[in-house]
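Asks: Position chain B relative to chain A; hints supplied.
Protein chains: 2
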Amino acid sequence: MGRWKPDTSGRLERAAIELYLENGFARTTVPQITERAGVTTRTFFRHFADKRDVLFVGHDELRERVAKTIAAAPPAWSATKAAASGLNIAAAALQSSQDEARDRRSLITATPELRERELIMFAAVAGTISEALIARGVEDRAARAVAEAMVAAFRVAFEYWGEHTERELPQLVDEALDSLKEAFAAVGD
Amino acid sequence: MGRWKPDTSGRLERAAIELYLENGFARTTVPQITERAGVTTRTFFRHFADKRDVLFVGHDELRERVAKTIAAAPPAWSATKAAASGLNIAAAALQSSQDEARDRRSLITATPELRERELIMFAAVAGTISEALIARGVEDRAARAVAEAMVAAFRVAFEYWGEHTERELPQLVDEALDSLKEAFAAVGD
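Protein chains in written order, with the UniProt record's numbering: chain A, 1 to 189; chain B, 1 to 189.
Simulated from the structure, these hints should not be mistaken for laboratory data.
One or more hints might be untrue.
Unchecked claim - Each computed DSBU-like pair below joins lysine-lysine, with the alpha-carbon atoms no more than 35 Å apart:
1) A:181 x B:181
2) A:51 x B:51
3) B:68 x A:181
4) A:81 x B:81
5) A:68 x B:181
6) B:181 x A:81
Because the structure is a prediction, the values reported are computed rather than measured.
Excised from the complex, chain A in its bound form (with noise of 0.2 Å):
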């Protein structure tokens, strides 16, 4: 623990984060996590929804710089290619914070109600994909099946990294990616 960012939202985080590893999420309070960031409860909901929202923030702003990254890749590009370097932005991301990456990810994975939170997320991320594709005139079917098919390989590879602590991310979407250009090969034989 004790790595605290500087900004109140950063020192929120991880004092949710701390208490939820050390608490359970469900038992955590938000007045807890604001005596211990040493903030008002009034500051908390600046920042956060929820509690559940703690452990989502700084994903919209992933989700916008995957979506500015495929909008500036090569035209000539593949959908996949180009739906590909976006998440690769995304790996990369999480791979640099991955101790607190993975704290938030066992969370999750220990926690239902999150786990949905997880769902929701992931589903915007496919719609951002897919939007941003349609924006490089993907046809609307094709980028929609592709971007969640590309998310889906994502999140194979994060659940996995999530308990392999010795694996990198990037890597580990590419080889998803590699597996599913595999097993598509064979549709229709």
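Replies: Just chain B now, with coordinates in the frame of chain A:
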């Protein structure tokens, strides 16, 4: 409307869907549903956990049929072919009760809390397919990636089908799988 099913569960389901379509999901109460179906509230809760649950009845059974179909597929079939055989069963079942399935779909699309429940249901389907593939000897991570990606393709087809009454769901699922085959062929290029 008026497509009564003879059994109590089916009567409750039809009554609920009629009321949800007439008055909206949020404004419909369980007593209104049981009054229309001519049963007691206690009977409702013998069949369903809550009023969301009504719209997802039958999915557990369909999920079991998908799993059995995959288990029964010839050992020589590829992971995608085995999984597709399972999804085709689900697509055919939904196609055969298309009016009801589309009513449910439009209700779910219009209601955020139902969309969340649908995400959880699809995640459960992916989990079931993944287990069925692992039982066939497919490597763990590949099985999960393929299962999630195939369910993603199914969802895209399913959503499109909800708005395109002239199309058949099994055909749309095949098209979505073909689009993934084509897209993923470019991975790593």
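Asks: So which hints don't hold here, by number, going up?
Replies: none
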